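Undergrad: One letter stands for each residue in the lines below.
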Amino acid sequence: MPTSVTINGTAHSVDLPGDVPLLWVLRDEIGLTGTKYGCGVAACGACTVHIDGVAVRSCQMALEDVDGAVTTIEGLGTPDAMSALQAAWAEHQVAQCGYCQSGQIMQAASLLSDIPAPTDSDIDEAMQGNLCRCGTYPRIRAAIHAAAAKMQEV
Amino acid sequence: MANVRKIARRSFLIGSAAIVGGVAFGAYYVARPAPNPLTPGEGEAVFNPFVAISAEKITLIAPRAEMGQGVHTTWAALIAEELDVTLDQVEVIHGPAAAAYYNTAMMGEVIPSKGYDKSDFMHAISDHLGALGKVMDMQVTGGSTSMKDGYMRMRAAGASARETLKQAAANRLGLSRDQLSTKDGQVIAPGDVAIPFTDLAGEAADLSPVEAPLRPRSEWKLLGKGQPRIDMTGKVTGTATFSIDTRLPGMKFAALKANPSLGGEMRSYDATEALSMPGVEQVVDLGNGFAVVASNTWLAIQAAEVVQADWGAAPVPATHDGIRSAIRAAFDTAPNSTLRDDGDTATLPQGAQEVTAEYEVPFLAHATMEPLNATALFDNDRLQIWSGNQGPILTRNHCAEALGIEPEQVEVITTLMGGGFGRRGEMDFSVYAARLAQAMPGTPVQLTWSREEDMTHDFYRPGAMARMRGAVREGTALMVDAEIASQSALSQAMTRWMGFTPSGPDTAIVDGVFNQPYAIPNFRTRGYVADLQVPVGFWRSVGASFNGFFMESFMDEMAHAAGADPLEFRLSLARKEWEPAAKVLETVKEMSGWTGQTPEGTGRGVAMTYSFGTPVAQVIEVADEDGMIQVTKAWIAADLGVALDPQNLEAQLSGGMAFGLSAAMFGEITFAEGAAEQTNFPDYDGIRMHTMPKVEVRVIEAQEHIGGAGEPGTPPAAPALANAIYDLTGNRPRRLPLMKDFDLQS
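Quick mapping for you: the protein sequence lines, in order, are chains A and B.
Our numbering puts the first residue of the first sequence at 1, with every later residue one more than the last.
Our numbering puts the first residue of the second sequence at 1, with every later residue one more than the last.
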């Protein structure tokens with residue numbers, strides 16, 4: 001029986017076994033490739049998406065266990081209408097290879113919704129599950145602080 | 001071609017006679033220009049292989065692998081600077097695999113000089129040697145060579161296109177070319193007349209290209225300043241298309257499983273159970289492994305796990321200690337190279353104190369964030385392959401050979417890469433996908449390696465050992481006698497890529513020791529090749545990745561033995577040898593406020609490595625935090641000669657250091673029965689947000705020649721950290737990764 005799942009505000013009916021991880025539903029079924037496969041064991045964070053606004057590793061989230069609205073990087077903002085966080089990422093020229101950055105941004109968005117003005121140690125705590133082999137961490141940290149400041153102005 | 005290969009091979013002999021032969025040949029062959037691979041459309045002007053302008057748009061071709069190093073942006077900026085366009089007015093594409101895109105700087109790197117002491121004459125020779133790259137299909141991104149390669153040529157390409165457009169406008173207006181100027185993609189004529197380049201494409205297409213001199217630096221508008229990366233918006237919105245994001249109508253998804261015992265065959269397999277799993281469509285024999293084809297990647301990975309395969313043994317020692325013994329045994333063989341032999345290293349200088357130490361570093365995986373993958377479609381005897389690769393011509397040729405078709409029947413579409421670090425210079429992942437596609441003609445298929453498959457089927461950074469002997473007296477070094485043993489990654493890679501094994505010295509085994517800019521009067525470096533069949537390859541900074549650690553740890557040991565400050569000890573030796581090396585040391589000294597003293601609970605280390613044409617000095621600070629060692633701060637100074645994009649250089653140097661720290665702290669691949677024992681990030685971790693130090697970078701421009709950027713940040717990281725840990729703990733790290741002997745914050 002097809003599973004119904006809401007992704008970036010759109011309802012999708014997915015005819016796949018219930019144990020297929022959300023990551024692969026997004027990438028290979030729906031065609032939302034912004035969410036990345038990095039490790040498959042929740043050790044790198046490249047697959048991070050939101051379920052009801054909370055960051056989860058989509059490689060560990062079985063389709064049948066998805067119990068809320070899914071937001072992916074494509075749902076956070078678009079090239080023509082970036083979210084404040086994405087704009088801060090661009091402003092700080094964070095990405096190098098860029099492969100982990102969807103996950104980094106989704107994790108950071110979840111952090112900022114929990115803690116609007118995070119300290120360095122809040123950032124250490126929240127972001128340590130997200131691996132970046134290019135080592136862009138200093139700019140990620142700067143972008144999070146900048147986005148937090150910007151969002152507080154509003 | 002027989003003669004071409006013969007001479008190309010001779011050039012690897014890396015001796016002065018061979019170089020002279022290479023130059024003569026190179027000049028002859030290169031006199032024949034490579035054909036322009038761009039076919040102009042109706043009304044489109046293709047000025048050279050790097051600039052195409054149609055009525056609709058301006059396209060610049062940046063035929064180098066964008067792996068995160070920002071090459072597409074800086075390459076485009078070189079052209080745009082002379083063409084007089086802004087980067088937001090142009091589309092930048094990678095372009096096809098083509099001989100015109102060969103890397104002129106790559107082969108020049110094999111010249112057996114120390115690099116920093118190259119005379120202009122030798123630079124000219126290496127430019128000529130670089131021309132050999134064309135005959136060897138070297139459209140390769142690697143060796144931190146892109147800017148050395150493109151710096152003159154791309155500005156010339158832009159200048160020529162600009163002047164040709166002006167000529168077209170001059171013809172239209174009945175003016176002479178020198179009455180016109182250009183600005184922001186337009187030709188400007190007297191009386192405020194502005195004609196967009198796109199409007200002139202049709203007329204310019206009929207003209208012969210005009211040559212033009214390059215502008216002086218004082219007139220640069222883009223170069224020398226940070227440019228917003230052209231790939232940034234895509235990468236922060238999830239819309240950038242990496243190889244793994246290729247989606248084609250009717251595409252199938254497949255997972256690879258190859259013999260974990262590296263180099264072993266696949267005798268047979270039983271896929272009965274896998275074929276009964278949901279979504280699984282077929283299992284295809286790929287020689288030393290198989291691919292499971294399914295309706296999505298996860299189903300394919302799951303099914304691949306239940307295929308029962310009978311794997312043959314690997315041609316390597318069964319235990320990791322056996323592999324280490326084979327590396328050690330190389331010291332008892334004749335040296336492969338003695339690339340530095342200054343003064344007398346046989347006798348201890350009178351009154352000097354002898355210092356000896358042995359070091360060892362492990363094999364390392366590349367572990368790019370994007371696991372290896374490629375997508376292929378084989379239809380009507382033609383192959384299309386979407387592949388994130390560092391060598392499109394070699395990829396094309398290897399795929400053609402594997403499929404028994406001609407290279408002209410293969411189209412390589414080079415995508416963005418989720419990291420390369422040297423791994424994507426190999427052809428294996430493309431060839432597997434090509435062969436899979438040939439087994440299912442007419443159906444596009446994406447072949448993805450699971451993280452486990454990726455980590456256990458690498459061409460690893462070779463494990464290496466060093467035996468160092470030195471002498472100090474009156475606060476300075478009088479002697480270094482270095483012996484380094486490892487497998488030859490160069491020899492293996494050339495055999496895989498080109499089908500022949502170069503003879504002669506492997507510079508990479510000793511790179512980062514023999515060519516270090518220190519005036520040590522008695523200085524010998526010998527390299528030894530370990531006879532081992534572990535698959536090894538190029539890993540960001542190659543030999544300097546281990547030799548930086550060997551040399552700069554030993555420099556630290558000698559400094560302490562001599563009772564000297566480690567930074568001043570290096571500085572005085574560098575000053576006498578090559579000023580830019582001294583400059584980067586002076587710069588980190590100032591940046592870090594180095595005093596030679598550190599408070600209790602804090603340690604500092606310094607290291608300086610010259611590699612890929614760039615001297616880089618780093619100071620790293622560590623702190624004892626509740627019994628755990630935390631890396632707290634890092635200062636980096638580098639001399640690039642010309643800083644084309646300071647903002648990107650900061651990212652490359654900081655990232656290069658992070659890559660070195662990841663390996664130094666946590667990276668190790670060990671083998672049992674020839675199979676890698678680390679399979680995923682939990683047992684092969686990298687530096688993370690909470691373990692990354694604060695970083696400050698300064699780029700200086702003291703040296704005359706343009707240096708590489710992607711790799712030189714990596715080699716000094718491990719020794720600077722190890723020296724800091726020594727300063728903190730009093731225990732000297734002599735092997736990596738450091739987590740084996742020290743309690744690191746992780």
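These are calculated hints, taken from the structure and not from any lab test.
Just so it is clear, the structure is predicted and the values come from calculations on it, not from any experiment.
Careful, some of the hints might be misleading.
With a Cα cut of at most 27 Å, we get these calculated BS3-like pairs of lysine-lysine [unchecked claim]:
#1 B/LYS740 - B/LYS583
#2 A/LYS150 - B/LYS225
#3 B/LYS57 - B/LYS114
#4 B/LYS740 - B/LYS633
#5 B/LYS694 - A/LYS150
#6 B/LYS183 - B/LYS225
Footprint (simulated), chain A over chain B, 3 or more residues, beta carbon under 8 Å [unchecked claim]:
#7 209-215
#8 322-329
#9 358-370
#10 436-445
#11 465-478
#12 562-576
Note that the Cβ used here is the ideal one computed from N, Cα and C, for glycine as well.
Undergrad: Within the assertion that chain A covers the stretch 209-215 of chain B, do at least three residues meet a Cβ-to-Cβ distance smaller than 8 Å?
TA: Answer violated; 0 residues pass the 8 Å Cβ test.
Undergrad: For the stretch 465-478 of chain B, does the count of residues with a C-beta closer than 8 Å to a C-beta of chain A reach 3?
TA: violated (count 0)
Undergrad: Quick one: see if chain A covers the stretch 562-576 of chain B, three-plus residues with Cβ-Cβ under 8 Å.
TA: n = 0 at 8 Å, threshold three: violated.
Undergrad: For the pair supplied as a hint, B/LYS183 and B/LYS225, is the alpha-carbon distance within the 27 Å limit?
TA: 18 Å, holds
Undergrad: Against chain A, does the stretch 358-370 of chain B show at least 3 residues with beta-carbon separation below 8 Å?
TA: holds (count 4)
Undergrad: Do at least three Cβ atoms from the stretch 322-329 of chain B come closer than 8 Å to Cβ atoms of chain A?
TA: violated (count 0)
Undergrad: For the stretch 436-445 of chain B, do at least 3 residues have a Cβ located nearer than 8 Å to some Cβ of chain A?
TA: violated (count 0)
Undergrad: So if I understand the rule, the pair passes when the alpha-carbon distance is 27 Å or less; does B/LYS57 with B/LYS114 pass?
TA: 45 Å, violated
Undergrad: Is the Cα-Cα distance between B/LYS740 and B/LYS633 27 Å or less?
TA: Holds, because 22 Å separates the two Cα atoms, which is no more than 27 Å.
Undergrad: CA of B/LYS740 to CA of B/LYS583, is that 27 Å or under?
TA: Violated: B/LYS740 and B/LYS583 sit about 35 Å apart, past 27 Å.
Undergrad: Going straight from one Cα to the other, do A/LYS150 and B/LYS225 come out at no more than 27 Å?
TA: 26 Å, holds
Undergrad: Under the criterion that the straight-line Cα-Cα distance not exceed 27 Å, is the pair B/LYS694, A/LYS150 satisfied?
TA: 23 Å, holds
Taken one by one, the earlier hints fail for this structure at numbers 1, 3, 7, 8, 10, 11, 12, listed in ascending order.
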